Amino acid sequence: MAKAKSKALGYLEWWVVFLLPLAPLGWLTYNAWIFNLGADPAQEIVLETGVWAINLLWITLAITPLRRVFKLNWPLRYRRMMGLYSLFYAAVHLLAFATFILGWRWDLLLKELSERPYIIVGALGLLLLIPLGVTSTRGMQRRLGRNWLKLHKLVYPISLLVMVHIIWQIRSDFGEQLVYGLILGFLLGSRMYFYLQRKTRVMRAARAA
1 MAKAKSKALG
11 YLEWWVVFLL
21 PLAPLGWLTY
31 NAWIFNLGAD
41 PAQEIVLETG
51 VWAINLLWIT
61 LAITPLRRVF
71 KLNWPLRYRR
81 MMGLYSLFYA
91 AVHLLAFATF
101 ILGWRWDLLL
111 KELSERPYII
121 VGALGLLLLI
131 PLGVTSTRGM
141 QRRLGRNWLK
151 LHKLVYPISL
161 LVMVHIIWQI
171 RSDFGEQLVY
181 GLILGFLLGS
191 RMYFYLQRKT
201 RVMRAARAA
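Mind the numbering: the sequence shown is residues 1 to 209 in the UniProt record's numbering, read in order.
Please note that the accuracy of each hint is not assured.
Below, in silico cross-link-like pairs of lysine-lysine (DSS-like), each with a Cα-Cα straight-line distance of 27 Å or less [to be verified]: (1) 150 with 199; (2) 199 with 71; (3) 71 with 153; (4) 199 with 153; (5) 7 with 71; (6) 71 with 150.
Now the in silico label distances, taken between C-beta atoms and shown as ranges [as the list claims (entries may be wrong)]: (7) 7 with 118: 44 to 54 Å; (8) 34 with 195: 47 to 57 Å; (9) 183 with 16: 19 to 29 Å.
Since the hints were made in silico from the structure, they are not lab data. On a predicted model such as this, the values are computed, not experimentally measured, just so you know. Quick reminder that beta carbons are idealized off the backbone N, C-alpha and C, glycines included.
Please work from the sequences and hints to get the whole structure.
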């Protein structure tokens, strides 16, 4: 009985975590349906999908530090899911930009790229994110072996490209970009701290031997 109850709670937890990242897209779709996206709905759709691509990427990066600091293991089960959702929102962000801003016009794309080079940086981040999504399965992890870890370390330069992408868009208020930058600095800094700590322990053990 207890085992069945635990299994049911596990399923419930999985579905809650699975559905939560879809809530922003659902809310955005609803507001688009009732024409409640402000004076520039196209821009709002592009911005919101981009924001959630970043939010979910930062959540993905936060899972390992949370596990190490607070000894929380359960979020680790959903790291892959959060990463895939980040890729999903990034793809929707690009699709929304191509559809609502460009209207799939190549001449307008060239103009936008020349006037807004941060688009190139964002597109590069998305391109690098795609192989991480494709190889995120356990089967690909076994097939690639150690190369899988090397490949998935691309998430760090991707996060830096994302920061460049959003910083480059600053007009006057940089508060949001500052918050994202501070969070990313903490996440990458904590990883570096744990890496150096582990390296120091290995060196001490080697000397003691």
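The hints, checked one at a time:
1. 150 with 199: Cα-Cα ~18 Å, so holds.
2. 199 with 71: holds, 20 Å
3. 71 with 153: It holds: about 22 Å lies between the C-alpha atoms, which stays within 27 Å.
4. 199 with 153: holds, 18 Å
5. 7 with 71: Holds. Residue 7 to residue 71 sits at ~22 Å (cutoff 27 Å).
6. 71 with 150: Holds, at about 25 Å.
7. 7 with 118: 44 to 54 Å: holds, 47 Å
8. 34 with 195: 47 to 57 Å: Taking Cβ atoms as reference, residue 34 and residue 195 lie about 49 Å apart, which means the hint holds.
9. 183 with 16: 19 to 29 Å: holds, 24 Å
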